[in-house]
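*Asks:* Each chain, letter by letter, is given below.
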Amino acid sequence: MDFHTPSSFEDASKLAAEATGLTRFLAGGTDVLVQMRSGTVLPDNLIDLKHIPGAQDITRTPDGGWRIGIAVSGARLGDHAELVADWPGVVEGMELVGSTQVQGRATLVGNLCNGSPAADSVPGLVAAQASVEITGLTGVRTVPVEDIPAGPGKTTLQPGDVISGILLPPRGENGGDAYQRFTPRTEMDIAVAGCAISLRVDGDTITEARVAVGAVAPTVRLVPDAADALIGSTLDDAAIDALVVAVRAACNPIDDKRGTAEFRTDVAGVLAKRVAQIAYGRAKGEAQ
Amino acid sequence: MSKIHVTTVVNGDEVEFLADPRETLLDCLRDHLGLTGSKEGCGTGDCGACSVTVDGVLISSCLMLGVEAQGKKIETIEGMANGEELHPLQRKFIEHAALQCGFCTPGILVAAKALLEKNPDPTETEVRYWLAGNLCRCTGYDKIIRAVMDAASEMRGAA
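So the sequences go chain by chain: A and P.
Each residue of the first sequence is one higher than the one before, starting from 1 at the first, in the working numbering.
Each residue of the second sequence is one higher than the one before, starting from 1 at the first, in the working numbering.
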C-alpha cells in the first residue's frame, strides 16, 4: 500500500484518478481503518487529506454561513460555541457518532461518504440545506448533501472526485434545528431510525422547514411533504399529525436485527414530532 | 512496500520508528516502541482499551495509522505516573478495586484523565457518557465510576 499526503485537493484528485488498484481517501479514518482491519477493503493507495491547507479549519463564510474543513473532528465541532449556537442540530447529529475516542477523529465528510443509510450526521446536514464542495478533474463544483448518497455504501462521487469542504448556509434570524435518533442503547449504537428538522418562525408561525429522515430508506431522505405539513402552522396538533403521516409515508426501511420495517416507520413518526418541538423551541429562542 | 520513517513525541520523549503504512499507531506503540500498556481489545474502535491522546485529543490508537503520528504529541498510560508516584486516578482505581483482570484499565485511565483535564467537576452522568466507549467485562462499571468521581474530587481539592 502506498501512502500519499498531497498538499492540495487538486493533487489529491489527480492522484486518485491516476492511481491503479483500490484507492481510499483518509481523513478521520474511523471507517477506513476498520475496513482495512476486517479485510473488506485493502487499499493499494491511501490518500491522507489532513495536510491540505484548510482541511482542519472551521471558518465563517462572507455570507454569514460556515465552511467546515473535511478533517474537522466531531470533538472540534462540539467545542465550537458559535457553530453550535447556529446549527445545534447538525452538531448533535455528529456527536452521536461513536464514542468519545471516535469523536476525536471522525468527520462529517467521512460519515457522509461511508454511505450508511443510518449515518447520524447526515440528516442534520440535509435539513440544514448544507452542500459539499467537490474538487474533481474538471474543476470545483458545489452539490447539495442529499445528492451524495446513492445507496448503502455508495455515493454519486465519480473517480477523481474529492470533497474539499462542507458549506452550511447562514442560520439567519429565528431559526432552529434538531436531530434525534432511536437506538436500543443510549450510546455506542447505530440508529434504528433518525429524524432532523430545520425550521424558521415568524412569531409563532413556521415560515420555512426542511425535514430529513435516516435509517428508514436506502439513503438519508429529504421529505418535502413533511416540510409542507409544518410551513404555515404554529406546530399545532393538526400540523404535527400531518407531519407524522408524511414522514411515515416517506419511509421504506428494511427489517434487520436492529428493528422491523414496521417499527422503524412508527418510530420515525414519533421522532419527527419530538424533533419538530425541539427545533421550534430553539427557533423561538427558548433554551433547549 | 516501503516503510516510512516517523518522528514523534511520546510521553515527552522524542522517538522515531520505521512504519509499514498499514500499521496502526497501536501496532507501532507496542511493536516498535515496546509500549505495551495500550491494549488491543477489538482493533475496530469499539472497546477503548487502546485509548491514547494525540495533541491532547482522546482517540483509539487502533483507528489511527502509525505514519499519521509524524510530528504529533502522544500521551499513553506509560506517561501517567510520575516515576513511582501514581496519578490520583491510578491510586483511586486501586482503592476502589475498580479493576479485576485489568485489560481495560489503561484505556479507561487515559480516557478518564482526558475528561478531568477538560472538565474537572463532571457529574456521574457525564463520566458515564464520556467512558461509554471503554468496555469492561469484569467490574460492572460502578466501581470505575466511583473511582473517577473520587479522584476528580481529590484533584479539585488539591488544586
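Check the hints yourself; a few may be wrong.
[Claimed, not checked] Below, in silico cross-link-like pairs of lysine to any residue (SDA-like), each with a Cα-Cα straight-line distance of 20 Å or less:
#1 P:Lys3 - A:Thr138
#2 A:Lys50 - P:Thr7
#3 P:Lys3 - A:Ala55
#4 P:Lys3 - A:Met1
#5 P:Lys72 - A:Ala55
#6 P:Lys73 - A:His51
#7 P:Lys73 - P:Leu18
#8 A:Lys50 - P:Phe103
[Unchecked claim] With the Cβ distance kept under 10 Å, some of the chain A side facing chain P (calculated, not the full set):
#9 Phe3
#10 Arg67
#11 Val84
#12 Gln101
#13 Val102
#14 Gln103
#15 Ile240
Rather than coming from a laboratory, the hints here were simulated on the basis of the structure.
All C-beta atoms, glycine included, are put in the ideal place defined by N, C-alpha and C.
*Asks:* So which hints don't hold here, by number, going up?
*Replies:* Hints 1, 3, 8, 10, 11 and 15 are the ones this structure does not satisfy, whereas the remaining hints hold.
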